[in-house]
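Chains as they are written, first to last, in the working numbering: chain U, 1 to 177; chain B, 1001 to 1393.
Be careful, since some hints might not be right.
As the list claims (entries may be wrong) - Interface residues of chain U toward chain B, partial, derived using beta-carbon atoms under 10 Å:
1. H30
2. F37
3. H40
4. A45
5. G47
6. R50
7. G54
8. S85
9. G86
10. S91
11. I96
I should point out that these hints are in silico values taken from the structure, not numbers from a laboratory.
Glycine residues also receive a C-beta, built at the ideal position from the N, C-alpha and C atoms.
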Amino acid sequence: MKTHGMIAAFENPAVLLTAAARVRDAGYQHFDCHSPFPIHGMDDAMGLKRSPVGYIVGGMAALGATIGFGLQTWVTTSAYPLVISGKPMFSWQAYIIITFALFVLFGAFGAVIGMFRLNRLPRLHHPIFYSELIAKASDDGFLISIEADDARFDEEQTRAFLASIGGTNIELVRGEG
Amino acid sequence: MAALDSQTYTFTDKGRFGVIALGTGIVFTALTVVGAFTDSHMFFASWLTSFAFWTTIVLGALFFVMLQHVTAAVWSVVTRRAAEALALALPVLLLCFIPLTFGMHDLFHWSHAEEVAADHVLAWKAPYLNTTFFIVRGLVFFAVWIALAFVLHRRSVAQDTDGDVAHTYALRKISAGGIFAFAFTVTFAAFDWLMSLNPHWYSTIFGVYVFVGGFLTCMAVLLLIFQMLRRQGMLEGVVTIEHFHDFGRLLFAFTVFWAYIGGSQYYLIWYANVPEETVWFLARWDNGWKAVSMALIFLHFLVPFLTLLFYRVKRNTVLLRTIASLLVVMHFVDMFWLVMPTFGPGVHFSWMHLTSALGIGGLVMWMFWTRYTAHRAVPASDPKLADSIAHRV
C-alpha cells in the first residue's frame, strides 16, 4: 500500500472557493478541487495560470499554413509546373484555400493533442480513485485533494490543515501502484 | 460631464456630448452642402460614402439587439440599451438618404434613360434598376428598420417600469422575425446603394460583406462609447473589463469573418477570370488603388487579427481602444473603396468625405445620446441583468 494523497469534503461551493485560496496561500502546489459543476473564480482561487494550449494551437496552425503554402508552391513552380487557365505558375491566390484549411486542421490537432498531453491523457486510472469520497464529486461533493508528492505534504500537518480550513470526512488516499 | 445615478441607472446630468455632437453635425453638414454647389459630382459621391459608413454601423446596432434577444444572451444585457439607442438614429439616416435621390444621375449610371436604351444588360435589369423603384425600396428598407428599432426600444423601456418578464419573451419573438427581415433588407440595400454603382457587375455575397463590416464597426463604436462613459465615471462595476474582453472577442471574430467574406468574393472572381467580373477588382488595383486595397488587407484584417489574438490585448483598455479606433477608420476606407473607384480612375479623397462623415456622424451621435440619456442606461428590470453585471469571461 502506498499513500497517494489526502482528500477532504467542504460544505458548499463558496466554502470550497475560500478553502482553495487557503490551500494555495499555504504553499501547496500539487492539489486539485473537485465539484459537480464549474465554479466561477476557481482558477484564480487555486492560483492556476492560463493554459499554454493556445500557444500550441498557434504554433501548429502556423506550421500547417507553412506546409500548405510551401507544398503548393513547390508542386506548381518546380516539381510539376503546369499552366492552368493561363495563370502564372506562382498563383498564390489559388493556394490560400488549402493554406487556410491546413491552418485550421493543424490548429485543431494542436488543440486536441496539446490538451491531451497537458492533461497527461490518455490515462486509464488515477490514484485519486482509490478514495471513497471522490465519487461524490459527480453528485453533491465539493472536494479538495492534495497529492502526496507535494513538497509540503505531511500526513499529520496536512490533515490538521484541511480540518482547520473547514474540511470534513478527511481521508488518506491509499492504494496499490 | 454627464452623470448617472448608480442605483436607478437614470442620468442625473446629460453632459455636453449631445450638444457637441449636434454642433459638429450641423456645422459639417452645412459645410458639405456648400461643397455641393462647388462640385456636385464629388458631393454626391462623398455623401454616399459617409451615408453607407454610418448606416451600416447603425444597422449593426439593430442587429446586435436582435441577436441578443434571439440567443437570450446574458453577458451583453448591460450593453443592450446603448445599442437600442444607437439603432434609433435610423430616422436621421432616412433624412440623409433624401439628398441621394437628387443625385441619381451623378451616382448611378443606370438612371440615365439613353444609356439603358443602348445597353442590353441594363435594359434587361431596368424593371428592378429604375429610379422610382429604387426610391420606393429605400423607403421600404428604412420603414422596416425604423419599425424594428422603435418596437425593440419601446418594449425594452416599458420593462424598466413594469418589470414584466412577458416583454422578454415578446422581444425574442419580434427579433426572430426581425432578424429574417433584416437579412433581406440589408442585402438588397447593399445591392441598391453600393453594388448597383457598377450595374453590370454582381456578387451574391456582397450584402454579407457590407453587413459584416458594419457589425464589426458597430462593436468598435459601442466599445468606444462604453469606454467614454467609464472614463466619465459612469457604469462603474456594471460594464467591466469582462464585457470589454467580450467586445474584443467579437472584434476578433468579425474581423476574421470580414476577411473571409471579402476573400471568398475575391478568390471566386480570380479563379473564373471572367472580364466582366474582374473589372471590379482591376478598378480597385490600378491607378493608385492598390495601396488602398493593401491597406484594407493589413489594417482591416491582419493587424487587428494578430493583436486581438492575445488574451492580454483583449483585457487592456488602451490597446482595445486603439484597435477599435483603427477599425472605425478602416470601415470608412472600406466604404470609400467600394464607392469611389466608380467615379474616375485615380484615388480622389475630397475634403467633402471628411465633412460629410463628421456631419452625418454628429447627427447620428446626437440622436443616439438624446435617446440614450432619456431612459435608464441599462435595462434595469431585465431578468438577466444581475447575471450580466456579474459576468466573467
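Exercise. Does the CB of G47 of chain U sit less than 10 Å away from some CB of chain B?
Worked result: 17 Å, violated
Exercise. Under the criterion of a CB-CB separation shorter than 10 Å, is G86 of chain U in contact with chain B as hinted?
Worked result: The hint holds - G86 of chain U has a Cβ within 10 Å of chain B, the shortest such distance being about 8 Å.
Exercise. Does the CB of R50 of chain U sit less than 10 Å away from some CB of chain B?
Worked result: 6 Å, holds
Exercise. Minimum Cβ distance from G54 of chain U to chain B below 10 Å?
Worked result: Cβ of G54 of chain U sits 8 Å from chain B, so the hint holds.
Exercise. Does the nearest C-beta of chain B fall within a distance shorter than 10 Å of the C-beta of S85 of chain U?
Worked result: 6 Å, holds
Exercise. Can the hint on F37 of chain U be confirmed by a CB-to-CB distance to chain B that is less than 10 Å?
Worked result: The hint is violated - F37 of chain U has no Cβ within 10 Å of chain B, the shortest such distance being about 15 Å.
Exercise. Taking 10 Å as the limit, does the beta-carbon of S91 of chain U come near enough to a beta-carbon in chain B?
Worked result: 8 Å, holds
For this session: Under 10 Å, Cβ to Cβ, is where A45 of chain U needs to be relative to chain B, so tell me if that hint holds or is violated.
Result: 13 Å, violated
Problem set entry | Interface hint status, H30 of chain U versus chain B (Cβ within 10 Å) | 25 Å, violated
Exercise. Once the shortest beta carbon distance from H40 of chain U to chain B is found, is it less than 10 Å?
Worked result: 5 Å, holds
Problem set entry | Interface hint for I96 of chain U, Cβ within 10 Å of any Cβ on chain B | Constraint on I96 of chain U satisfied, holds at 6 Å.
Against the hints set out earlier in the document, violations occur for numbers 1, 2, 4 and 5.
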